Amino acid sequence: EAQVTQNPRYLITVTGKKLTVTCSQNMNHEYMSWYRQDPGLGLRQIYYSMNVEVTDKGDVPEGYKVSRKEKRNFPLILESPSPNQTSLYFCASSSLGSETQYFGPGTRLLVL
Amino acid sequence: AQSVTQLGSHVSVSEGALVLLRCNYSSSVPPYLFWYVQYPNQGLQLLLKYTTGATLVKGINGFEAEFKKSETSFHLTKPSAHMSDAAEYFCAVRKANTGNQFYFGTGTSLTVIP
Numbered sequence: 112e113a114q115v116t117q118n119p120r121y122l123i124t125v126t127g128k129k130l131t132v133t134c135s136q137n138m139n140h141e142y143m144s145w146y147r148q149d150p151g152l153g154l155r156q157i158y159y160s161m162n163v164e165v166t167d168k169g170d171v172p173e174g175y176k177v178s179r180k181e182k183r184n185f186p187l188i189l190e191s192p193s194p195n196q197t198s199l200y201f202c203a204s205s206s207l208g209s210e211t212q213y214f215g216p217g218t219r220l221l222v223l
Numbered sequence: 012a013q014s015v016t017q018l019g020s021h022v023s024v025s026e027g028a029l030v031l032l033r034c035n036y037s038s039s040v041p042p043y044l045f046w047y048v049q050y051p052n053q054g055l056q057l058l059l060k061y062t063t064g065a066t067l068v069k070g071i072n073g074f075e076a077e078f079k080k081s082e083t084s085f086h087l088t089k090p091s092a093h094m095s096d097a098a099e100y101f102c103a104v105r106k107a108n109t110g111n112q113f114y115f116g117t118g119t120s121l122t123v124i125p
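First to last, the sequence lines map onto chains A and B. If you want my numbering, it's the 1-based position in the first sequence plus 111. If you want my numbering, it's the 1-based position in the second sequence plus 11.
Check the hints yourself; a few may be wrong.
Said to hold, decoys possible - So, partial list: chain A residues that the calculated Cβ filter (under 8 Å) puts toward chain B:
hint	residue
1	L154
2	Q156
3	P194
Keep in mind that the hints were calculated from the coordinates and are not lab data. Note that the coordinates shown come from a computational prediction; the quantities given were computed from them, not determined experimentally. For each residue, glycine too, the CB sits at the ideal point set by N, CA and C.
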C-alpha cells in the first residue's frame with residue numbers, strides 16, 4: 112500500500128531534550144516536506160526536499176533541522192525543543208511533475 | 012512570498028444546500044492551486060488541483076473549483092452538501108516552477124446541519 116508513515120504519532124517531551132520525528136514514504140517520490148499545523152494558522156511549511164541531499168527552508172524553519180540521506184526518509188530534528196514548538200506535524204511527499212502531495216497521519220508534539 | 016486567504020474560518024450549511032468555500036491568492040504569476048480536506052484526526056487529502064488548462068476543475072466527492080485569474084480566486088463549490096462533507100478545508104498554492112514550496116490558507120471548518 113502506498114503510504115507516508117510518521118513516528119512517533121504522539122510525543123510529550125521537555126524543553127531542551129533533542130528529538131527526531133521520522134518520516135518514510137514507499138512511493139519513490141522525489142519531493143518531501145515537513146509542515147506544522149496550528150489552530151488559526153493553517154499549515155506552514157518548515158522544510159522541503161527535492162531529492163537526496165537537496166533541502167531548502169520553508170516559511171518557518173527556525174528551531175528545526177532536516178536531512179535527506181535516502182530517498183525514502185526525511186527525518187525532522189528538533190535539537191533543543193521549546194514550548195512554542197508544540198504543534199501537529201505532517202510529513203508529505205510527491206513525485207516530480209505530479210503536484211499531488213500525499214500526507215502522513217501526523218505527529219502530535221507537546222513540549223513542556 | 013505567496014499568500015492565501017480563506018474567507019470565513021467557519022461555514023455552516025444545511026444538508027442538501029450549496030457549499031461555497033472561498034479562496035483568494037496573491038501572486039503576480041498564476042500559481043498552481045489546490046484544495047485539501049482534513050477529516051478529524053487525519054492527515055490531509057487532495058480534493059482537486061489546478062495547474063494549467065481548463066479553469067473549471069472537478070475533484071473527488073462532487074467538489075469542483077474554478078480558477079479566475081482576474082479575481083485571483085479559486086473558490087470551492089459543491090451543489091448539494093452531505094453530512095460526510097463536514098471537515099476542515101484548506102486552499103493551497105505553489106508558484107509554478109519553483110520546486111516544492113507550498114503556502115496554505117488558514118482553513119475553513121465546514122459544518123453540515125441535518
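### Message
Please list, smallest to largest, the hint numbers that this structure does not respect.
### Response
3
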